[in-house]
Every structure is written in structure tokens, then in C-alpha cells.
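Residues per chain are reported as follows:
Number of protein chains: 2
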Amino acid sequence: MNTLLLLSAPGTGHDSGAVPTVLLALAFAIVCAKLAGELVERLGQPAVLGELIVGILAGNAALFGGPELSRLASSETLTVMAELGAVLLLFHVGLESTPKEMIAVGGRAALVAIVGVVAPMLLGFGVGGLLRPRDPWMFHAFLGAMLAATSVGITARVLKDADALRAPFARIILGAAVIDDVLGLLVLAVVSGIITAAATGTAVSAASLFSIVAKALAFLIGALVVGSLISPRLFRGALALRSRGVVLALSLGFCFLLSYLALLAGLAPIVGAFAAGLVLEDVHFEDHVQRGEPPLHESLEPLTAFLVPVFFIRMGMLVDLRSFASASVLGFAALLTLAAILGKLACGVVAPKGISGLTIGLGMMPRGEVGLIFAGIGAQLVLAGRPVIDSGTYAAAVFMVVATTVLTPPLLLWSIRRK
Amino acid sequence: MNTLLLLSAPGTGHDSGAVPTVLLALAFAIVCAKLAGELVERLGQPAVLGELIVGILAGNAALFGGPELSRLASSETLTVMAELGAVLLLFHVGLESTPKEMIAVGGRAALVAIVGVVAPMLLGFGVGGLLRPRDPWMFHAFLGAMLAATSVGITARVLKDADALRAPFARIILGAAVIDDVLGLLVLAVVSGIITAAATGTAVSAASLFSIVAKALAFLIGALVVGSLISPRLFRGALALRSRGVVLALSLGFCFLLSYLALLAGLAPIVGAFAAGLVLEDVHFEDHVQRGEPPLHESLEPLTAFLVPVFFIRMGMLVDLRSFASASVLGFAALLTLAAILGKLACGVVAPKGISGLTIGLGMMPRGEVGLIFAGIGAQLVLAGRPVIDSGTYAAAVFMVVATTVLTPPLLLWSIRRK
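One line per chain: the protein sequences are C and U, in this order.
According to our numbering, the first sequence is numbered sequentially starting from 2.
According to our numbering, the second sequence is numbered sequentially starting from 2.
The hints are simulated quantities; they were obtained by calculation from the structure and are not laboratory data.
Incorrect hints may appear among the rest.
[As the list claims (entries may be wrong)] Ranges of calculated distance between the beta carbons of each label pair, as one might list FRET restraints:
#, chain 1, residue 1, chain 2, residue 2, range
1, C, Gly293, U, Pro68, 35 to 41 Å
2, C, Ser392, U, Ala326, 52 to 58 Å
3, C, Arg43, U, Leu265, 33 to 39 Å
4, C, Ile222, U, Pro411, 48 to 54 Å
5, C, Ala105, U, Pro411, 53 to 59 Å
6, U, Ala63, C, Ile231, 26 to 32 Å
7, U, Gly18, C, Leu64, 26 to 32 Å
8, C, Ala219, U, Phe325, 54 to 60 Å
[As the list claims (entries may be wrong)] Stretch by stretch, here's where chain U covers chain C in the computed footprint (C-beta under 8 Å, at least three residues):
#, region
9, 19-25
10, 44-58
11, 218-224
For clarity, every value in this text was computed on a predicted model and none was experimentally measured.
Where a beta carbon is used, it is the ideal one built from N, C-alpha and C, also for glycine.
Assemble the whole structure, with the sequences as input and the hints as a guide.
Structure below.
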């Protein structure tokens with residue numbers, strides 16, 4: 002077969018020319034992600050940082066005389082695969098908690114979460130007003146929203162590496178980070194809704210605002226309540242199926258369906274994936290596991306190992322290093338990072354007696370994938386002919402995410418061991 | 002967020018509108034594949050048949066008053082994901098054998114394989130000449146090539162379900178099926194090369210033919226020899242890496258890289274994936290597994306469970322049921338199926354003493370995914386303004402694949418237990 006033939010074989014359709022590119026990109030991504038992850042882990046940093054750096058280097062290879070790869074990041078297939086990676090990651094994170102556990106850590110976690118959303122929002126709003134006074138106030142509000150969400154994944158990973166997952170402060174941090182995530186996504190929905198309404202010329206009516214929040218809450222509550230009722234029955238009924246892999250197939254189907262329904266409800270697909278993870282509990286599959294099925298978290302591991310790095314490398318590739326080459330961007334990045342750190346340290350004020358406020362605050366600090374997802378959404382939002390997150394702001398946001406991600410592990414570890 | 006925003010969020014790029022479609026399609030595919038697989042398995046048939054049927058029903062839903070889904074099958078993302086499914090499946094099949102095992106079953110398996118390639122080719126060529134006398138001889142040769150390859154996956158699966166994997170006849174069948182696959186792909190490369198040369202108006206020179214075969218052989222031998230030398234060293238060196246998932250990451254990287262190199266060498270990516278599977282052996286990762294890494298075949302299971310059904314469902318979706326609605330297509334399908342069955346039963350003639358020739362022949366019978374991949378490639382090849390495999394021939398090929406796949410399990414089981 003010659004090359005002409007092969008670029009259009011063996012799938013069909015006009016576009017299977019994507020196959021060789023995707024194969025090479027995946028081979029590169031999966032090996033480099035592992036090597037870079039190993040390297041940064043040896044330096045005491047989380048693996049996700051290595052993946053971001055691989056992406057940043059790949060996306061900017063042309064600056065160092067390498068090939069021009071940045072267009073790859075916006076190919077349809079890699080965009081969708083990265084999105085599936087984010088969905089699977091948030092599904093996995095959701096699996097680590099249950100709706101009950103969220104209620105059990107209760108009031109205190111909610112208090113920490115609310116402070117952890119309000120304080121960074123106010124500070125982010127202030128940074129926007131200070132450095133970009135001529136931008137509409139909605140841009141400043143979006144900046145604040147971007148600082149609101151804690152990354153449950155990174156937080157949990159650091160606590161696990163520190164062997165502190167069952168300590169009282171860890172349960173508060175995790176509970177608050179979970180609530181914080183949902184609150185942050187609600188804030189994002191409201192702010193994005195206001196901006197979209199403004200962009201399409203419609204007035205921001207209290208009714209449309211209410212409808213956005215009501216739809217999102219209806220989805221979340223509906224998913225949690227209906228899901229919690231259906232899920233045990235579903236898996237009990239599935240015991241009638243004898244073939245292997247039933248738990249994985251039904252769980253993935255459930256995760257993808259809720260991700261799709263979240264989209265319909267006006268939320269991001271990851272919210273649906275996270276809700277799906279919260280609802281599913283190990284106890285639902287206990288009988289399946291006893292029959293020889295692998296536990297769900299074990300069968301998810303290879304899937305996340307395959308797709309999650311695609312997400313982080315692609316995110317890194319979207320960073321244009323040339324945009325850092327301006328003093329105003331660097332100043333912006335430094336102030337935004339400061340706001341992000343101080344905003345979360347403020348959580349410490351409402352820590353219960355006997356638990357270090359500093360440890361709580363540091364635990365809430367990492368932004369990780371959620372911050373990047375918010376920045377990506379902002380880059381898509383257009384108001385007054387400009388994207389809400391322009392390339393300079395995007396670069397500053399990535400700086401903020403990288404900085405909070407890098408600083409958390411050593412500082413949190415130090416704070417835990419201080420006593 | 003409103004719908005407009007979300008269809009272009011949260012990735013970036015112009016085309017992330019594919020995300021909701023893919024999420025819904027995957028939720029549907031993964032659950033229906035499992036349910037249909039369970040159903041046909043209860044009827045004593047392999048699960049792959051259920052997935053094909055789901056695909057055929059989905060692709061032809063409009064005929065029964067359902068939605069028009071057939072365009073979905075040619076979306077870029079689902080095409081690439083299906084292709085990744087085929088790559089992972091052949092990688093997995095390759096892992097079940099080693100280059101050494103292929104040499105050990107040696108001469109007899111090779112003899113069986115050669116008869117199993119030559120006989121169906123001659124019969125397929127004859128069917129083409131009989132029913133389509135006005136087509137160029139190259140079309141007939143492609144028909145023959147399409148009948149040549151045995152599906153290692155289905156064969157192995159049936160032998161495993163019959164608990165006969167270690168019987169002498171099973172080793173001959175598996176060895177022959179492996180050689181057969183490679184021979185079949187070489188035949189396909191030669192026939193496709195001849196057709197492409199004819200289509201582009203260049204003469205079919207012995208030199209270009211030689212170059213096709215030489216490139217393919219160079220890739221195969223190079224991949225096996227260099228791969229066998231590098232692979233143990235690679236994984237021994239990788240023991241220096243401490244993070245989890247090293248075996249999976251390196252193996253997938255190796256598989257995707259060889260798939261890409263196979264494309265460069267003029268072969269289908271699945272040939273590279275199969276070679277990668279042959280080269281990798283459990284013994285290379287033994288130290289990793291002792292350190293707590295999951296064995297490779299275990300971590301591949303969720304990946305194939307996720308992506309392989311996408312491949313078979315998509316293949317089913319490409320079947321246009323309306324094309325069966327002609328007596329000539331049905332006659333063609335019946336004759337093609339007869340040629341496919343008789344061609345492989347001919348293998349029995351060279352069975353060694355004491356082993357049932359009928360069992361060997363029946364074991365070589367299933368065509369499965371490889372026959373469909375060949376048909377798909379033929380649908381892409383254009384000669385004299387017509388595709389080599391038109392929709393009627395494609396329908397007949399699917400009929401042949403479905404028939405050989407359906408008939409093998411009960412007949413092979415009966416032949417094994419006959420004694």
C-alpha cells in the first residue's frame with residue numbers, strides 16, 4: 002500500500018487522516034507524561050506538574066527551533082480525548098467521596114468552603130479592578146470566579162502522599178474542597194451566564210439568573226437524589242448479567258450519561274461526571290467484586306492513566322510562552338497568584354479549635370485542572386468583541402495554577418509535620 | 002451557561018461541539034455493547050456478534066422510524082477511537098503469543114497457514130469471476146485477499162471458552178492463525194498496491210511490487226528483531242522509575258509507535274500493534290509486577306473494554322441493510338460465505354496424524370474484525386471510478402464475517418467434543 006492509500010485507510014470517511022497524527026501524538030504524550038511525572042515527583046512535586054511542563058514545551062517547541070505543534074492541541078480528536086480525560090478524572094475524584102460523607106463533615110466544611118470561595122472572588126475582582134480598570138466589571142468577576150475552585154484531585158493526592166487522609170483536618174479539607182468545587186462551578190455558571198447575556202444584548206434579568214442557578218441546582222440535586230436511588234438497584238439488577246466487565250461498562254455509561262445531561266442543564270460535563278462519581282459507591286458493586294469483577298477504582302486506573310495526561314499536556318500546549326514576555330503579564334500573574342494564595346489562606350480563620358488554620362488554608366490552595374478548565378471557558382466567552390480571558394490573562398492564570406500547584410506539596414507537608 | 006456557550010466549552014478550538022455527541026454515543030455504545038454481548042453469549046455466540054448487531058441496528062435505525070445515526074459513524078473522533086480500539090485489540094492478541102512460540106509450532110502451522118491463505122484466495126477469486134465477470138481481475142483478487150485472514154481474537158476466544166487452549170490442535174490453530182494473519186496482511190498489501198498503481202495510471206512494475214513486499218517485510222522483521230532486543234532492556238532500565246503505571250505507559254507508547262511506523266512502512270497500523278504485542282512478553286515486566294504493578298493484560302482489559310466495542314459497533318453501523326434487499330447481493334453473500342468456509346476447511350488436509358482435520362479447519366474459519374478491516378480498506382480503494390468494494394460487496398462481506406463468526410463456536414465445540 003502506498004502512503005496516499007494509507008492516509009485514508011483503514012477507517013472510512015474523509016477524515017481518517019487523523020489516525021497517524023493521533024497515534025504519534027499519543028505515543029509521545031503517554032511516554033513523556035510518565036517520564037516527566039517521575040522527574041517532578043522525585044523533586045517532591047505532583048506528577049501533573051510534569052505533564053503541564055511537557056505540554057508547554059511541546060506547544061512552544063517552535064520557539065526553540067523545534068516543529069510547530071501548537072495546532073495539534075486544537076484538533077477535534079485530541080480535544081475530545083482530553084475532555085474525556087477531564088471527565089474520567091472528575092468521575093474518579095467523585096468516587097472518593099459519597100453524598101453522605103459530604104453531609105457528615107457538614108457545617109464546618111461548608112463554612113470553610115464558603116470563605117474559600119468568597120475571599121478569592123473578592124481578591125480576584127480587586128486585582129482585575131486594579132490592573133485592568135477599563136475592562137467591564139464582568140471581566141473582573143470572571144477573574145474572581147476563576148480563583149474560587151479548589152482542585153480536589155491535587156488536594157487528595159497530597160494528603161494521601163503525606164499519609165494523612167484520615168486525620169480530622171484532612172476530612173474538613175476534603176469536604177470543603179468538594180463543596181467548594183460545586184460552589185465554584187455554580188459561581189462560574191452565574192458569571193458566564195451574565196456575560197453571555199450581555200454579549201447577546203439581552204438584559205441580565207433576575208429571572209434568567211434564577212433560571213441558570215435553578216437548572217444547575219435541579220441537575221445536581223436530581224442527579225444526587227435520583228442517582229442514589231437508582232444506582233444500588235441498577236447494580237443489584239445487573240447481577241443477573243454473567244459476563245465480565247459489567248461494573249465498568251455500567252459505571253462508564255452512567256458517568257458519560259450524567260456528563261451529557263449536565264451539558265443539557267447548562268453545566269460543564271465534568272460536573273455531571275463528578276456527580277456520577279459521588280453517587281456510585283463501592284458497596285453497590287460488592288457482590289460483583291466477590292464474583293471476581295475487578296473493583297471499579299482498579300479498572301478506572303488504566304483509563305485515567307491513558308486519557309488524563311492527554312488533558313494536562315493539551316492544556317500546557319495552549320500556553321503561549323511569548324505572552325509571558327511582557328512585564329505587564331508577569332506583574333498580573335504575580336498579583337493573581339498572591340490573590341489566589343491569600344484568598345484560600347483566609348479559610349484558616351474559620352478552622353475549628355485544635356486544628357491549624359494554616360494547614361486548612363494550605364490544603365485548599367491548589368487550583369489544578371479546575372482553574373485551567375475555567376480559564377479555557379473564559380477564553381471561549383466573547384464580550385464586546387474580545388475574549389473574557391485573553392492570551393495574557395490565560396498565561397497569568399496558568400502561572401497562578403502552576404504556582405499554587407507547585408507551592409502546595411512542600412508547604413502543606415511542612416505544616417502537617419510542624420507539630 | 003447557555004447551550005451556545007457550552008457547545009463550544011470547555012475545550013477550545015472550533016470543533017469541540019463534538020463533545021456532547023461523543024459523550025452520548027459512548028454512553029449508548031458501552032452499555033448496549035455489554036447488554037447485547039451478554040444476550041448473544043447466552044445463546045452460545047461470541048460477544049462481538051452482539052456488538053455488530055447493535056451497530057447494524059443503530060446505523061439502520063432510520064429504516065425502523067428511528068433517528069438517522071449513520072453519519073455518526075464517519076465522525077472524525079469516533080473513527081479514530083474505533084481505530085484505536087482495533088489497534089489495542091490486535092496488540093492484546095499479539096501479547097498472547099511470542100515470536101518463539103510461532104517458531105516452535107513451526108512447519109506444520111506454516112503449512113496450515115499457507116493452505117488457509119491460498120485456498121480461500123483461489124475460491125474468492127473464482128466467486129468474483131463467476132458473479133462479476135466484467136469487473137477487472139484485480140477486484141476478484143481483492144475479494145480473495147479479503148477471505149484469507151483468520152481472526153486470531155475470535156479463534157483464541159472460542160478455544161479458551163472450550164478450555165482447550167493447551168491442546169496440541171489448539172497450538173497448531175493459534176500458530177497458523179497468527180502466521181495466516183501476517184500472510185493475509187501481506188497479500189492485502191500486494192493486492193492493494195497493484196490496484197493503487199493501476200488507479201494512478203502507473204504500470205505494475207515488478208520493482209514496485211518488490212518494494213511493497215520488501216518494505217512490509219523489513220518493518221515486520223525489523224520490528225520483531227529490534228523490538229525483541231530492545232524490549233527487555235527497556236523494561237529493565239524502566240525499573241529505575243518508581244512511579245506506578247510505568248509498564249502500561251511504556252507498553253502503550255511502544256504499541257502506538259509501532260502502529261505509526263507500520264503506517265510509514267505502508268502497512269495498516271494494526272500490523273504494527275500486533276508486532277508490538279508479539280515482541281512484549283510477561284517476563285520483561287516480572288520485576289515490575291513483583292513491585293506491585295498490575296500485569297499488562299490486566300491493565301489493558303479496561304482499555305479494550307472501553308474502545309474495542311466502539312470499533313465493532315461502528316463497523317456494524319457501516320452496514321447498509323438496504324443493500325441486502327437485492328437477490329443478487331444475497332446470492333453473492335451466500336457464495337462468498339461458502340468460499341470462505343470451504344477455503345478454510347481445506348486446511349484440514351495438511352493436519353498432522355492423530356489430529357482431526359475438521360477441527361483444524363473449523364478453528365481457522367472465523368474472519369471477525371480482520372475481514373471487516375479488509376472490506377473497509379477495499380471501500381476506500383478506487384479503480385476506474387468505482388470503489389473496489391462497493392456497498393453490495395461490503396454487505397456480502399459483512400454477511401460472510403457474521404456467518405463465519407456465528408457458525409464457528411457451535412461447530413468447533415461440537416468437533417472438539419466429538420471424540
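Check your understanding: Which numbered hints are broken by the structure, listed smallest first?
Key -> 8, 10 and 11
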